[in-house]
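Enquirer: Sequence:
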Amino acid sequence: MSKTKKMIIAAAMSALLPAGVSVASPLVNVRLVLNGTQAGIGNDGDSVATVANVGQTISVRLETQLAGVGAVNATKSVTITSKTDYDGSNAATSDGVNSMRFDVRQVAGTGVGADFDAGFTLSSEAQGTGNTGGTLVTRGTSTASSTDPNDLLGVKAVDSAAGTPFLNSANAWRTFATGTLKVASLGDGGTGVMAPQISTSSLNAPGNIYINGHTLVGITFNDQNTGADKPVAYQGLSLQTAPEPSSLALLGLAGVGALKRRRKA
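Take the sequence shown: its position 218, counted from the start at 1, is 220 in my numbering, and no numbers get skipped.
These are calculated hints, taken from the structure and not from any lab test.
Take the hints with a grain of salt, since some may be wrong.
[As the list claims (entries may be wrong)] Restricting the straight-line Cα-Cα distance to at most 30 angstroms, the calculated cross-link-like pairs of lysine-lysine (DSSO-like) are:
(1) K78 with K158
(2) K158 with K184
(3) K184 with K78
Model the full assembly from the supplied sequences, consistent with the hints where possible.
Expert: Below, the structure written as structure tokens:
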């Protein structure tokens, strides 16, 4: 099915929904993106990084965003009906992300591989009691180790002032941690993905948010692990290899050939 047909069908289905009915959706989003424009790799905020060699480093950041008014989550049986920004004095009525915990791991595959040499650095507003930039573990295990390749387990951001959201309710993405990835292998040349994911430990709940005038919604491990409508949506950073000069040259020759044939025709 073409992309155009899919868009037409989606629009038609949306039109059939009664007024005021919302589509099920996550309550909070978390993503890993490029931190700053990096020559040859990508631009600030990109979700795709182009890499050239093993050992190359990539500056990244974690961002989060509270879903908009109207978002409905079936697993938690809640609807976001209002969002109130924290203004420095309304902690008791403001909304936003209160805490979150997750792993950042390489998605299984044969493409580009990356790892960490250190945990994330959390922003000052997310350094509440119990915060951590994550523990280095050897990939495929839960054993703390500095042996490459490493994933990060148990990244935890917590509000610095009890009861105050470290992310306010604005719809914009908000940075709460920065770190560095290192290219560990180019694999088979295909695309690899490093992504925030639900914790490997059932003891680690994904977090808490405030919505609808400071109503606390706790997201449990089971909510995220087995719930049909995931309360948290995670988005990873794709890692792809740069085309080799010879490949680019062949593409250029192919383009010239096609142009000549078109002129002859």
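Enquirer: Give a verdict on every hint.
Expert: Structure-based check of each hint:
Of the pairs offered as hints, the one joining K78 and K158 holds, with about 21 angstroms between alpha carbons and a cut-off of 30 angstroms not exceeded. Taking the CA atoms of K158 and K184, the gap is about 21 angstroms. The hint holds against a cut of 30 angstroms. Under the criterion of a C-alpha separation no larger than 30 angstroms, the hint pairing K184 with K78 is inconsistent with the structure, at around 37 angstroms.
When the structure is compared with the earlier hints, a violation turns up for hint 3 alone.
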